[in-house]
Structure formats: C-alpha cells, structure tokens
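All chains should be modelled from the sequences, with the hints used to inform the complete structure.
Residue numbers (my numbering), protein chains in the order written: chain A, 1 to 295; chain B, 1001 to 1156.
These are calculated hints, taken from the structure and not from any lab test. The beta carbon of each residue, even a glycine, is placed where N, CA and C say it ideally should be. Keep in mind that the hints are not guaranteed to be accurate.
Below, a sample of chain B positions facing chain A; criterion: calculated Cβ distance under 10 angstroms [said to hold, decoys possible]:
| hint | residue |
| --- | --- |
| 1 | Glu1028 |
| 2 | Ser1065 |
| 3 | Ala1111 |
| 4 | Arg1126 |
| 5 | Gly1130 |
| 6 | Asn1131 |
With a cut-off of at most 25 angstroms between alpha-carbon atoms, the simulated DMTMM-like pairs for lysine to aspartate or glutamate come out as follows [claimed, not checked]:
| hint | chain 1 | residue 1 | chain 2 | residue 2 |
| --- | --- | --- | --- | --- |
| 7 | A | Lys40 | B | Asp1143 |
| 8 | A | Lys40 | B | Asp1031 |
| 9 | A | Lys40 | B | Asp1079 |
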Amino acid sequence: MRQFEYLIPSSVDEAIAMRQERVEHAHFIAGGTELVPMMKLRRIEPEYMIELSRIPSLSSLHPQEGGLSIGPMTTHAEIERSPLLQGPWRSLAEASASIREPQIRNLGTIGGNVAYAVPSADLVPPLLTFGALLKLKGPDGERTVPITEFLVAPYCTSLRASEVLVEIQLPEAGEGFGSAFCKLARFHGLGLSVVSVAAALRLREGLVTSARIAFGVATPVPCRVTEAEAFLEGKPPEPSVLREAGRLVSAAAQPREGSIRASPFYKREVLAPLTERALGLAVARSEGRSERGES
Amino acid sequence: MIISFTLNGTRRHLEVRPEETLLDLLREELDLTGTKHGCDGGECGACTVLVNGRPVSSCLVLAPSIREREVMTIEGLADNGKLHPVQQAFIDHGAPQCGFCGPGMILTAKAFLEANPTPARAEVRRALAGNLCRCTGYIKMIDAVMDAADRLRGGQ
Chain A
1 MRQFEYLIPS SVDEAIAMRQ ERVEHAHFIA GGTELVPMMK LRRIEPEYMI
51 ELSRIPSLSS LHPQEGGLSI GPMTTHAEIE RSPLLQGPWR SLAEASASIR
101 EPQIRNLGTI GGNVAYAVPS ADLVPPLLTF GALLKLKGPD GERTVPITEF
151 LVAPYCTSLR ASEVLVEIQL PEAGEGFGSA FCKLARFHGL GLSVVSVAAA
201 LRLREGLVTS ARIAFGVATP VPCRVTEAEA FLEGKPPEPS VLREAGRLVS
251 AAAQPREGSI RASPFYKREV LAPLTERALG LAVARSEGRS ERGES
Chain B
1001 MIISFTLNGT RRHLEVRPEE TLLDLLREEL DLTGTKHGCD GGECGACTVL
1051 VNGRPVSSCL VLAPSIRERE VMTIEGLADN GKLHPVQQAF IDHGAPQCGF
1101 CGPGMILTAK AFLEANPTPA RAEVRRALAG NLCRCTGYIK MIDAVMDAAD
1151 RLRGGQ
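Here is the structure:
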C-alpha cells in the first residue's frame, strides 16, 4: 500500500472541510472492506484517508416520524441484529445477513454498500422498495434525494465532491406491510449475489394495495420493476398471480453479457422463481404469518 | 501516528503507520504470529481476530482504526496456560489438522458461542463460513464447536 496520511474528523462538518481542502487527493473511508483491497492492489492511491466510521452521528439507528433513520456507518451485523428491522423492513436485515461472512459484516457499513454503488450491492434493492431517502451534506449545505436519483451507473452516484451521505431515511411502512429479500449466491446464500430480488407489499382485505419489487445484478444499476408492480396491484396474492409477477420480473431483466458469475439466460431463469419466493414471504409477513422454511 | 488500544488484556501505546493493517502490526511489529496471513483480501478468514469481541478480518483493518478498541488474538485466548474450551475441543476432535486456519476458526467460534450458547449445527456451519480450511476437514471443526458449546454450558 502506498503511504498516506490518516485523518480523524470528530464531526461530519470537520470531515467535509478536510475533504474540501484536499479534494482529489483525499478519500473517505467507512468499513474499508472494498477500499482496503483496492489500495493494496494500488487501484486507489489516495494521499489522505478521512475516517467516517467513528463519527458518532453517523452510526445512530432510531425510529423517526413513523419511519426509521439509519446512520450510514451502521454495520451489516448491526442491521442484521437490530430489533427495529425485524418488522416491516425485515428485507433489509435479510440482505445484511446475506452479505458474505461475519468478519466482513462486522466491518462493512450500509453507507459504504450504497455509496460505493457496486451493481451487486445487496442493501440497495430493499431500500428501493421502501422508497428510501438519502440525506447528503456538503460544503453548500444539506439536500435529500430519493435513492433512485442517487444511483447513476455502476460505481457512480450523484454524490458531489466533498459531500457525505449522512442519513438513510425509511418512510413509515403503515399497516399490512411486509417485505422480503431473496438472492441466489453460491455457498448457501452467502457471498456475492448472482441475482437478487426485494419485494415489499401492502395488503388490505385480501388484495394487494401496493407492490414494490426491485432486483439487483439484473440491470446495470439495481432498479424497481414497475411492470410487475402495476400487475400485482388490486389483485389477490394467489400462486398464479405471483407466478405471473415472477415472469414479468424475469422479462424486465437486462443482465450484462460476460459476467463471470452467470449468463443472462441463467439469471432470467432464476429470477422468476426467486421473485415468487420473495413475494410469497412478503405476503405471509404482511398478513402477520411466518412462513415455514424461510431462511 | 501514536495510538492506544488494548491487546490481549494489556494496554498498549504504539507508533503505527496508517498504511499498515492490523494484521501487519500484529505479525511484523509485535511478533504475534498466531494470526495468519492468508489471502490478504478478506476472503479466507485466516487473519481473523476479535475487535471488541467481534470477529473481523485483520487484513482489512487499517492500524489507526483500532485506537481505543480491545483486540484479542489467539495468543490471548488461554487463561494462565489453561486452554479455552474451544481450543481444548479442537484438540480433542483432531480439528486443527495443518493448523493454519485454526486461530481464525477458533476465535470466530469463541465469539459465536458467546452470542449463541445453544447453536444448531447449521448455525455453526454458517458462523464458520468465513474461515476456509484447505485441509477440507470441516466436519471435525463443527463437531468441536458443538462439543465446546456443551462444555461452556457445563461451566467447564
């Protein structure tokens, strides 16, 4: 690793000022699970590293206006274990629990997962289904953007120079809301996603009143599948309906050629049953049932 | 930069280089070679140590970030020469095999059993998923961890 100076800000404002002084020579670091290997390979050679992981205001996880406020430096292990994420937003805990091994989940953060913008970022599909808002702070003040506007392209976000992701906001879930995250990976669901699906449904009197489905590693940037969402709304969540939604999700995928993990054909084949499974779990949870065999 | 942290129960004040990882610091500066240098990319688990009681890949941790933390390596696990129940169970079950993955495996198991004293076998497998063994004898390790869970519950 090339030599660099390690800077320890005590607040977000100090971190922003440190970055602004050294713009292109400095890098923010969160858990380091992506950056440290890149630095060892000398693909990233910053002169300054600005530590974000120990700024207290970035690690808070608490209810807020009926929804949830998640500090971006919350680790995957903390999200996986938090009782606040066992209810309506359970898919986020499932996605965190699916990320590789404990040694990585104890270091990696939700903010790093979102802001580094790898196509396989597992926390992104659940956040898309919740309509998550991201609060960004920079030298010119704060702004809040929907996660859909934040993700621009693989490894590319709308974060401006010297801006820091300071909060992830989940809006109120409301009654009858259930969510689930399913992914295909090698090694019993651990490891990088071959493909993933997050579903969030609201049911009333046996009908789907709102549906959100998002997939990961099926398009260049994780996104919602509006065709399948529109199809589900107003229908009873019967097996044939969920199967058709799975078909629509599969048809909407545009996996890239040449991925080392799976061919586009294979990903499309897998997406249909994976979507059915995620929807089935979300239905059961929105009705307050727990389903056998869930994991 | 100078940092303070606790290493195997002893308070340390050390000059560290930012580009040094916790793994480098332990092995190269402090001669604690029980922590193994494997893939150097957070994939294999051989470099696992406990930071504030939780397993992490020390090859991914920059040295300055452990300031004011508690670090435990395999050298700190035995209590005055008495092996920890996980260590003893590994020996009794022939689980160490070549020994290279052992320190990381044992520390991961120790942290896991503290959080989950009555694990199912499948939970043990999942907990050890980040510790690769190239002797490929995982059965003995899982047996050892299940046995260690019994011993820890029995207060041995």
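Hints versus structure:
Look at B:Glu1028: its Cβ only gets to about 13 angstroms from chain A, farther than 10 angstroms, so that hint breaks. A cut of 10 angstroms between beta carbons decides the hint on B:Ser1065: the least distance to chain A is about 7 angstroms, and the hint holds. Hint status for B:Ala1111: holds, given a least beta-carbon distance of 8 angstroms to chain A, under 10 angstroms. The interface hint given for B:Arg1126 holds, since its Cβ lies 7 angstroms from the closest Cβ of chain A, which is under the 10 angstroms cut-off.
Satisfaction of the interface hint for B:Gly1130 is found here, the shortest Cβ-Cβ separation to chain A being roughly 2 angstroms, below the 10 angstroms cut-off. Contact between B:Asn1131 and chain A, as hinted, is supported at the beta carbon level, the nearest pair being about 8 angstroms apart and thus within 10 angstroms. Among the hinted pairs, A:Lys40 with B:Asp1143 is inconsistent with the structure: their alpha-carbon atoms are about 36 angstroms apart, more than 25 angstroms. Of the pairs offered as hints, the one joining A:Lys40 and B:Asp1031 holds, with about 22 angstroms between alpha carbons and a cut-off of 25 angstroms not exceeded.
For the given pair, A:Lys40 sits about 36 angstroms from B:Asp1079 by alpha-carbon distance, which is inconsistent with the 25 angstroms threshold.
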